[in-house]
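Q: Heads up: the protein sequence lines correspond to chains A and B, in order.
Per the numbering used here, residue 120 is the first one in the first sequence, and the count goes up by one each step.
Per the numbering used here, residue 3 is the first one in the second sequence, and the count goes up by one each step.
Hints are computed from structural coordinates only; laboratory data are not their basis.
To give a feel for the contact side, a few chain A residues facing chain B, derived at Cβ under 8 Å:
#	residue
1	163
2	178
3	180
4	387
5	401
Which stretches of chain B does chain A cover? Using the computed rule of at least three CB atoms under 8 Å from a CB of chain A, they are:
#	stretch
6	28-38
7	124-132
8	157-169
9	244-252
10	257-263
What follows is a set of in silico ranges between Cβ atoms, one per label pair, in the way DEER data are often shown:
#	chain 1	residue 1	chain 2	residue 2	range
11	B	232	A	190	31 to 37 Å
12	B	5	A	190	49 to 55 Å
13	A	303	B	97	33 to 39 Å
14	B	138	A	269	45 to 51 Å
15	B	147	A	266	35 to 41 Å
16	A	396	B	20	36 to 42 Å
Remember, it's a predicted structure, so these values are computed and weren't measured experimentally.
Even for Gly, the Cβ is constructed at its ideal location relative to N, Cα and C.
This is what each chain is made of:
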Amino acid sequence: MSATATRTAAPQRPTGSRRDQVTRRRLATAGVVATFVYLIPVYWMVVTSLKTSDAIFRVPPDLIPLPPTVESYSRAVFSDPDIARGLANSAIIAVGTTVVTLVLALPAAYGLAKFRVRGVGVVMMLMLIVQMVPSVNLALPMFVLFSSAGLVNSYLGLIIANCALAVPLAVTILRPYFLGVPAEVVEAAKIDGCNELTSFLRITLPISVPGVVTVAVVSFLGAWGEFVFGLSLATSEGIQPITIVLAEITNEFGVRWNDLMAVSAVVALPVIAAFIFLQRYIVAGLTDGATKA
Amino acid sequence: MLPAVVFVGATVVYPLLYSVLQSFYDVGLREVIQGGAQWVGLDNYIDQFSRSRFWYSGFISIVYAASSVALTFAIGLGLALLLRRDFRGRNVMRALILVAWVLPTVVSANVWRWLLDGSYGLLNALLRALEFLEGDLFWLGQQVTAIAAVVFATAWSFAPFAMILLSAGLQGIPKGLYEAARIDGASPWQQFRFVTLPQLRPVSLAALLLIFIYTFKTFDTIFLMTAGGPGGATATLPVYAYNEAFEFSRFDTASVATTVLMIVPIALSVAYFRTLRKETAA
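Full structure from sequences and hints, please.
A: Here it is in structure tokens:
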């Protein structure tokens, strides 16, 4: 259903009557206003991060930081070792989650798409239902179980926890892509001497690249912004992802809102950047994961 | 296929069952570290069910989820209807609005706390300029306004998602229905009321259920904005369960809360898949 949502039909722009043109101009104005109002929080984050420490307490506040300053970034982001470590930890966890998710989900989704064995329906149902489980419901028992397994405060523990959310989503996203690969093409490859593995690597996988990109991006961003597992499974500072570091410095920074907004902007940056370039994939992934039964 | 199924079994199904089992044992921090928890039967349930805070957290979870869903849906539908019309730049606008949805919760929660700051927040500055407010108002410091604030922040994040789902639904409505309505002399409002709304019903139902499940289990937005406060006013079941476990080291009573918490999403997801099936079949 989201396939139709993301693939916006090329807008036909009939050179209609004058009245149509006026209506369209009004609509465009309404659209600009709605978008701007909607993004005020994002705008305010950026504006605040560019203000001096005096300027943030001005009443009424300046709507534009004049003159803008990057002192918050140099002070709170680039010269703070906690932030650098948090960013590095998040990068490690997010990359690890992406890799493990792909390794587990690719063969699973392929198997669930290609082999008509019993229980496929049950497994797909399981993959969908586990996505509805609250993260807290997993984080609490994981803390208890990981405590005895020595996985609390380890990258591996955090990667496993993140994959618990990412793998079911990935399988749900990938299976339709593999279902869409025509059986005849795979048959032809086999006649030409491919086995199950090489036909998967040379035929099915290249055709399904958009699905793989979707899964990779969604897994990475999910782990990058993840909060509950980091909060409960990373109690020592050295291992904490940036989301937890950011939540902790919130208390420490107190009213240094400009510094806090600068760190927030840096945490948001990879997400916004990925979104600008890969919007199509992210939207498809996050809606298909929930709506493809 | 097998490794992934085993993985999901080990990392999702097993912890969930473990947690349910734990709700029948006496589990404090000592038992977590050393093991040897005692079976206590229904004691933890009896203990929790006799606490007004537990019932309040269940109640506020429903209030929070229901209001968030209503607001999310209203905003999402409004945006979907606006961006459905053909005008220049609408694809860019859609993409920009979707940024609200993908933003990490820590980021948006922090930004909301700053926007809602009692003395220097942008919202209060606006309200003062419009002469609705004199002096300071600490939104997150009072019960009713704190609940309203987390609902609003939640709706802001989820409305773009609702917009996507509803846009798909709107595209599925046959254009002929509108033409027929116009020929019969229906006003734009009547077209919306008698064509768009009924046609959008199946998609709306699925979207409402899905968003209810998502908001009902929301932890991070509330935890980061209010930590369940003030005075437990915004302690929904996930926040309550987290605090039981990590604030008071009661992993047993926390498991009671998560077990109860799980009932709603699972029951609703069964309903959700039914509507989804019907929708696909129709």
